Amino acid sequence: MDYTLLFVQVLNGLQLGLLLFLVASGLTLVFGILDFVNLAHGSIYMIGAFIGASLTLLLGNFLLAVLIAVPLTGVLGYLIERFVARQLYDKDHLDHVLGTFGLILVLDTSAHIIWGPAGITVPLPAWLDGQVALFTGVVFPTFRLLIISVGLAVAAGLFWLVNYTKLGMLIRAGASNRTMVSALGIDIQTLFALVFALGAMLAGLAGMLIAPITTASIGMGGQIIITAFVVIIIGGIGSMKGAFIGAIIIGLIDTLGRSFLDQLFELFMSESAAETAAPAVSAMMIYILMAIILAVKPQGLFPPKVR
Amino acid sequence: MRKLLGTALAATMLTGLAQAAEVKIGFVTTLTTGGAVIGNDIKKGVDLALEHMGGKMGDLDINLIFGDDGFKPETGKQVTDKLVKQDNVDFVAGYIWSHVLMASRKTVIDSGKFMITANAGPGPVGGKLCHKNFFSASWMNDQGPMAMGEVLNQKGVKSLYIIAPNYAAGKGMVAGVKRTFKGEVLGTDMTTWPTQLDFSAELAKAKASGADGLFVFYPGKAGGAFMKQYQQAGLKSSLPLYTAFTIDALSLPKFQAAGFTDVLGSQFTGHWDPNLDNAQNKRFVADFRAQHGAYPSPYAAQAYDSIFMIKGAVEAVGGDLTNQDGMRAAMESANYDSVRGAFSYDSSHIPVQPWYLREVVKDSDGNWTTKIVQTIAQSVENPYAADCKM
Amino acid sequence: MIPLLQVAKLRKSFGGVVATDDVSLDVIKGEIHAIIGPNGAGKTTLISQLSGALAPDSGAVTLNGVDITFKPAHTRARLGITRSFQITSLVMEMSVLDNVALAVQARDGSSFRFIKPARSITHIRDKARDFLHQVGMHGRADDPTSALSHGEHRQMEIAIALASEAELMLLDEPMAGLGPTESQMLTEFLQGLKGSRTILLIEHDMDAVFALADRISVLVYGKVIATGTPDEIRNNRDVRNAYLGDE
Amino acid sequence: MGKMTVVSWVTLFGMVLLAVLPPLFLMNGQAFYMDLATRLVILGIAAVSLNLILGFGGMVSFGHAAFIGLGAYAVGIPAHHATWGGFDLIASYNGFLHLGLAISISALFALITGAISLRTKGVYFIMITMAFGQMAFFLFQSLDVYNGDDGLTIDVRSEFPLINLDEPLQLYILSYVSLVGVMLLVRMIVNSRFGMVLQGAKGNNERMLTLGYNTYFYRLTAYVISGAMCGYAGFLLGNFTTFISPDMMHWTRSGELMFMVILGGASTLFGPVLGSSVFILVEEILSSFTIFWHLPFGLMLIGLVLFIRGGLMGLFKSKGR
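Protein chains in written order, with my numbering: chain D, 1 to 307; chain L, 308 to 697; chain X, 698 to 944; chain S, 945 to 1265.
What the hints contain is simulated information worked out from the structure, not anything from laboratory work. Just so it is clear, the structure is predicted and the values come from calculations on it, not from any experiment. Honestly, I wouldn't trust all of these hints.
Simulated restraints, written as ranges between beta carbons of each label pair [said to hold, decoys possible]: (1) D:ALA153 <-> L:GLY572: 50 to 58 Å; (2) S:LEU1243 <-> D:PRO71: 33 to 41 Å; (3) S:TRP1028 <-> D:ALA153: 50 to 58 Å; (4) X:VAL714 <-> S:ARG1063: 22 to 30 Å; (5) S:PHE1233 <-> D:ASP2: 54 to 62 Å; (6) L:ARG486 <-> D:VAL132: 33 to 41 Å; (7) D:ALA153 <-> X:TYR918: 41 to 49 Å; (8) L:THR568 <-> S:LEU1243: 50 to 58 Å.
C-beta: ideal position from N, C-alpha, C; glycine also.
Only chain D is shown next, with the shape it has when bound in the complex (with noise of 0.2 Å):
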């Protein structure tokens, strides 16, 4: 075994998982509160990663163009509330499913006319784009230590927000129970706009954190949305520590798979099939430990304790 490899895979792998809890977290609070499904959650990283893609091209600057995409994907995410989202909110989880999914197809489109198929380059700064020699043998690309430095930064602070902030407290009093948030005489709504717009910050800030990696590109929503859901559905919806841990789970499995598993199949079947079994093995893999995990506990492995 090539421990190096193993340690850059893990990396590699933590990496992941730390951008799809990024994606899943936002997807969790609204899932959890406001007891809403939103496919589209998608979408909205896909156009936050266009929105950084383009203010970064326009401002020369990756930073600074974070700083400014971000609160106007929070914007974005509450004029989705505000106009589709919280008029399904008292429909059943079926018509949540259908809605947006029809939301899908109108702001994957919009963006396909907006910014055209090809996609965008994000340029990075230099200082950024380079790797970092960890220790002996080991160097791992500067900009993807960012991003686990700052899925874990983000993590941090929801874990904050929801267990030691007045905000918070109404996060979990919202998640468990409604008549009593509306009794503490809290608007209930604009609670809810609040959470909505945070979740599409979370999805919006992933996406422009993937895109200098991956290009900005139409079609990147759909990609990620199943596998968030996943991740919540294994961590139990509406519990922020299920999705922190699903998410890495899952980003571990996904890459330790695409490293690993080829050689496994190897061992009995010959060398192009496993090669073509291999990557689509392991996107099953995640799909089997779902499956797995809901057939021992249905509710997944944290979920809330009221509802």
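Go by the hints and put chains L, X and S onto chain D.
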């Protein structure tokens, strides 16, 4: 609904009457999803060809209908069905993606119409599934990488790592480079297509393998993503990159806008280049640049060629579209002016043509483009030709 | 005499709050056994554990000598327990008759039958109509359930409980939300069932309880503090202090 | 028989239209419209099968496209081996073999996935069915023998005595008759004692448990029946398109099926058929105007959810009352 169906019925009655003197061409390409990057350039190539023809092939008007395959084999087959059955076209051309071509092939062949691929070159169509009515205006998937294998041998590369997407063309490209490369292949990773755009795990494996070189094939937007990550991983000095259909006139302006100078000097193989010195190519490239302010991609060049190929066939029979044998003979003779220069066809209707080594350079105005640095071979064999019983 | 239902030291807590605190009681065949207690005494939690909607932390429930402590609700129903719900629980999308017919159908052999239209099976429909007739609702048999009033829904709950022909009926506040006249009528109706049915009754309406019950158990903060005849309970000092004191 | 309501008139009219129009198109040399109708009828079968569990059983399955794919591959894989060799056990063009495989494999898949999925509720159920669908999608993507993602061309259609599926008209008639059969089957199931329990469990599961019904097994049975019917639709679709790929099982396809059911009207007999018809026609019309047809299509979907209760059939219902 009733009104709609009524309209459709009325349309049914009318089609019999309006049979003008025209040649109908169905052109399937990708106009939506990320694959539309290539599709749009192809459409520009087709439109320019029509413009250069003045909308006529001989005495016949050209009626060209685009179909969008949505980057999916199933959708591609559906639009092909429609072109064949409803629009009743005389030629079906286009097809960027090998799997879309494979899915659509049977529909066209069974209908007895001509099918011309303007890009996709999956192995079977040049081999066991070859057909008298099927022609390629491009190449076989394997051929570009086969040429690259020769280049690698010449450069003294001893070992290679390969990363490519897991679909028909990716498999063909990998098979191609393995066929000619004489050194050792230390590992091959096939990635999920077209969804996977993050190649961190694969790049880490490639690096750990200690190979002399890395060969990849990532057409369209995935190419940009790959190049970026390759650079971020800092592999340029330790693991030189050799590509096929990954860097092109579509991605270069984006790289230039993003200040991604590492791309300059990259080398890859091709059967065409904007700098090829022939009259047809000069006119094509000049007018394309004048219209769109950018260099055409090979995809656009092939699409442009495919329309001229049809023109050559139609004019050879004096516009008598019922004379299929005549048109076929004309196409087999490659009787038109191709932007790639003169070429011929092998027995399986795959072009026999020179392959070049191309390099990314700045042109005199500072735009990033490519030039030919070497002619690798006057022809690269179609490895599947032996399976073709025509 | 072997009791029909025996509850021994049943215990259930929710995150530190003990809702059912070592409850022991029994129900004898043919009696109406009422459970009373202030709000939050754990009456509905107890019923849920008896019907199988909730699993207890410890203790045992036996029906006719069979341990059913951890049996799921549908198994208990097959063994002879049915319940009505405090908050009306009906299939609103179906007609009144369909609702009752489903209860009759449950006693009529397997329902894994796919061919014959259920609504044309006369013996089931007739029997269901009969039960509706008993609660005085035959006139509304074909109306959609969602169109009925609250009082009528309560009547339907009773009809369904009857139709399931269970040995033991757990009635969870059947009078909830009814006006005095309706309550009176329901009390009389239940009185008519006395002897032919065994009922465990949870009810706030004290007039009804004392009129109907053969025995009464008093539940306070999850504990049974007394069990006895209505007269015994009325005169029990603990009960008066804990519960009836302000009467 | 009872009085004819507006809904039953619409159903009858729609079914007659579907019986008469497509053959007329074919006779007029408009083979493409015949194709469109065949696709619409086959997807109608799939939608009717989904409606059994979604509309009547309240089980929102977001992975139903997997069954279509399984049914289609049950045609494609034996035919592939019959053409190119290998896997002698199933290598055959025999239609009865294909049909048997399509139905039994779909039913088996439904049994296994349903047994796990039905332990969950609500959103968890929606998402776990989707996960199983994606599992099937990636499974077929991983099978190099069957070209993985590139899909499989079916060179020879299923062979039956007396009927020839290469004839578009015969294939259409088979599909249409199958649709009618499946609709009658669903009607029979829904009205049976089993169906009453199924609908009861949709309306109030706790009540049904209290009555002694182990609703889990009723639901599972319905899920298996629905899966098998959907697999049958896949069998027809494979024979119709002669090209199959894992894409047929992608979650977006399952979403489209759900959309068809809701668009037409869940828990009605004709709703899913109306839904699939409108879906396919609107898709066809919009996409002929613009490549950006997903935009108006998405707006339509949002509008449907926001403003039309009970789908298109709901419109007729309110007029009928």
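Comparing the hints with the structure gives:
A hinted range of 50 to 58 Å is violated for the C-beta pair ALA153 (chain D) and GLY572 (chain L), which are about 38 Å apart. For LEU1243 (chain S) and PRO71 (chain D), the hinted distance range of 33 to 41 Å is not satisfied, since their beta carbons lie about 27 Å from each other. A beta carbon spacing of about 55 Å between TRP1028 (chain S) and ALA153 (chain D) agrees with the range 50 to 58 Å that was offered as a hint. Hint check: VAL714 (chain X) to ARG1063 (chain S), Cβ distance near 28 Å, so the stated range 22 to 30 Å holds.
Checked against the given bound of 54 to 62 Å, the beta carbons of PHE1233 (chain S) and ASP2 (chain D), roughly 56 Å apart, stay inside it. For ARG486 (chain L) and VAL132 (chain D), the Cβ-Cβ distance of about 39 Å falls inside the hinted range of 33 to 41 Å, so the restraint holds. Take ALA153 (chain D) and TYR918 (chain X): their Cβ atoms lie about 48 Å apart, and the range 41 to 49 Å holds. The hinted range of 50 to 58 Å is not satisfied by THR568 (chain L) and LEU1243 (chain S), whose Cβ atoms lie roughly 44 Å apart.
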